[in-house]
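Given next are the chains, with one letter for each unit.
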Amino acid sequence: MAWHPGIANGGIGPDVTDCLSRLTAAVREAVATETPLRIAGSGSWLHGMQPCVGVKLSVREHAGVVEYTPGDLVITVRGGTTLEELTQVTHEQGQMFPLTPYGTPSSTIGAVVATAASGALSYEALAIRDLVLGCRTINGTGAVVRAGGRVVKNVAGFDLVRLHTGANGTLGVITEVSLRLHAQPPVHAVVAGALREGAAADATFMLDHRQPLAMVVQMLPDGASMLYARIAGNASRVAALRSVCARYVESLREITTAERRALCNVADEAFVLRARTAPSHGAALAAHARAHFPNATLLYHPDRGTVRITEVAPSAAHLSALPQVIRSFAHGSATRLPHGISAVLEQWPVSYQPTLESCHASAHLAAPHHAGTPRASAKQLDVTIKRALDPHRIFNRPRFAV
Amino acid sequence: MRDPTLVTTLVDLVGARWVKNRAAELAAYDADGLPGYRARPQLAVFPGTRNEVIAVVRALAAARMPFVPRGAGTGLSGGALANDIVLVGLNRLSRILEVDPVNRIARVEPGVVNARLSRAVAPHGLQYAPDPSSQSVCTIGGNVAENAGGPHCLKYGVTLNHIVECEVVLPNGDVTRLGSAFGESDGYDLLGVFVGSEGCFGIATEITVRLVPLPDRVYTLLADFPSVNAAARAVSAIVATGIVPAALEMMDNATIRAVEASVYAAGYPVDAAAILLCEVDGIAAGLEEDVAIMRECCMRSGARGVRIATEDAERARLWQGRKKAFGAMGRIAPALVVQDAVVPRTKLPEVLAAIGAIGVAHGVQVCNVFHAGDGNLHPNIPYDASDAEASARVHAAMSQIMQACIDIGGTITGEHGVGLDKLPYMESLFDAESLATMCRVREAFDPEKRANPGKVIPVHSCREWLGTPASRTVASDQT
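Taken in sequence, the protein lines are chains L and Z.
Residue numbering for the first sequence follows this note's numbering, beginning at 1 and increasing consecutively.
Residue numbering for the second sequence follows this note's numbering, beginning at 1 and increasing consecutively.
Hint data in this document are derived by calculation from the structure and do not stem from the laboratory.
Please note: incorrect hints may appear among the correct ones.
[What the hints assert, rightly or not] Examples of chain Z residues lying across from chain L (beta carbon under 8 angstroms, computed):
#, residue
1, L97
2, V99
3, N103
4, N161
5, L190
6, G414
C-beta: ideal position from N, C-alpha, C; glycine also.
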């Protein structure tokens, strides 16, 4: 295929110095030749629910800090900057990016924003949409567009930042983001312990969840359950939060960075299904997930009503039946789960090549929608917005199937 | 030009009492909370139910009539003005439909008053956190339209962070739901872009909000500074400790004097160059240590003294002075220009000095009262709008102030919205491509551009887009 030299061999190489102009030129070339592009950061989320076709456009080399004034608690970095790089730069100033997205430290911030990745122990249950203040993108006409800004409050104009966050790269290439940071609290730890029997189903479990504390319950296939909690603040507050956690576990201990990373790491050879209901029925959802996926590890967030279902190295038979299993799971039980279940398949095992058909079958499971109001117009809005920002359908086809 | 058929249609839909078309009735809607802009709708219609809202919007679509949605009309950007078009008032939709204390959400109609919602959920130990100064009057629908902020958004986040789902009637009359209270999203964050769209993307007929627990304990500190610079240093020092105050508000001497001379007098020291209202809240454990650290930050930055209020009545009095400060400025002059710029927090001393110098150069009195912890400035200038020469000086000063904030890396509005008032600054802030992209997103929601026309994005920015080669390609694709 005749192609722009910068992306001829699977991606922009490290020798390219002016990455932004290369990226822009590549998009413009793609527009001119109507060639689909597959946007990649470190490449770790491409084995998601739908395969992206097209020529790989790597943003990874477009990395580094654009502007960082620690006193402002705001940092502007290029899209290819990894979480590890971001952590290093901010920790040196006694600050932190308060999310712990699933993935590895080599995940890029552009991908974290594009996938709206949340994490097992994100600080104060924050989501990426709460932390992105501004972005610069290359849209589907090759234009460089700025949205938001570098200040912590901003309502100037329509909020394009929200549109790009979680858009899976279908509306443009994220080349730069401005992020809100937190100062590191005096004490900051992740504690863990084996959960007491029945604690996860206890209604007060969720209600006790308040203040700077993130909590997740890891449920292993053998029936063991571990509580992990991120606690932070001054010494007195941390002691109080520890005692809240201690009510639910046998013996509380602080975990290591390696254990923390392991909790967020996603094995390549795993499928990952994210399911959600009302927090009041989160424990019922976890039980329902266990019944349908006996060999999976579950991460149950009591405050969010979400369960993340991960099964490593599932059998080929299990994988081919997966869309049906998910459908049966997502239809749920109206009596035990009156708020319904929404489910999103986040990842197929890397080595598995699902058919496009089964991708679509499993991708359209989401949202237990409010009775009475159709969402057809919202779907149509998705299509119109895609057409507005990427008129030639260059980016990450066929994600979102719009 | 009034369309008699449309009047008849609307009367049939909502009843004659709720369609206003006499000049005396319409005069009440000539302005919003920002004096200085006036425009009269040709017609105002007040649907009383969700179904009536939908029917009204469909009737307006059939008549191809532009319209402006309006809540309580307390906005501060001229955004709720309808210039010879139809105003759709939503304050009759004021029911709290559901409170779910276990899942910490409430479903409300758009006309529910902000403070009433917090009062209604307080017995469950919950609150609706965003608290604009107008919270005793403003509506949740209006808050959604503007992505309203408030002093406590420093810790709790702005309106966007508290809205989980909306039922929306689009300008063409289609009804849809955006976001999901308990579901995963399965498309773009349309709710995120709807919140703060200033009535240009449609009307929310039902809003599901997130509720947060009431704090176990609250401490409010009043710190008194001999200079604005010292107060700004204290803000930086507090933020750098890692403590996230519930609020961190600054008022300068001109504002303190206006408040203390008004019925909202809060006992602020009138000889202070600036005061900071700092608040921390949460679980009781560790809170007193935070208070001690914040006090220390203020004293080390040069505070003359720090008063700590723990009693509700005393705290309420301190807050009333802050929240009614705009009203208190009415004592100085009949009209008021209110600005809403946001600057990086470290630039506060520099920007405040620049604002002071601009005020002196133009011979106008600038009163600063603002969300210092967010860097969200509200430089206000009281003036007499009947004095043309004074008005010109005020507007020249404001224009320079806004440019100074933009030049320093800031933005033109943090919580009030662009509306009409900040339209002239949009092109200083965004390039043509960015404005054009915003226009395209607006067109996705409202291709006919009938919802709140002429606001947010300068009209010619959209025309420029239509002239670009790329857009011509798109246009031909669509035909």
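Evaluated hints:
1. L97: violated (12 angstroms)
2. V99: For V99/Z, the interface hint is violated, since the closest Cβ of chain L sits about 13 angstroms away, which is over 8 angstroms.
3. N103: holds (5 angstroms)
4. N161: holds (6 angstroms)
5. L190: Holds, about 6 angstroms.
6. G414: holds (4 angstroms)
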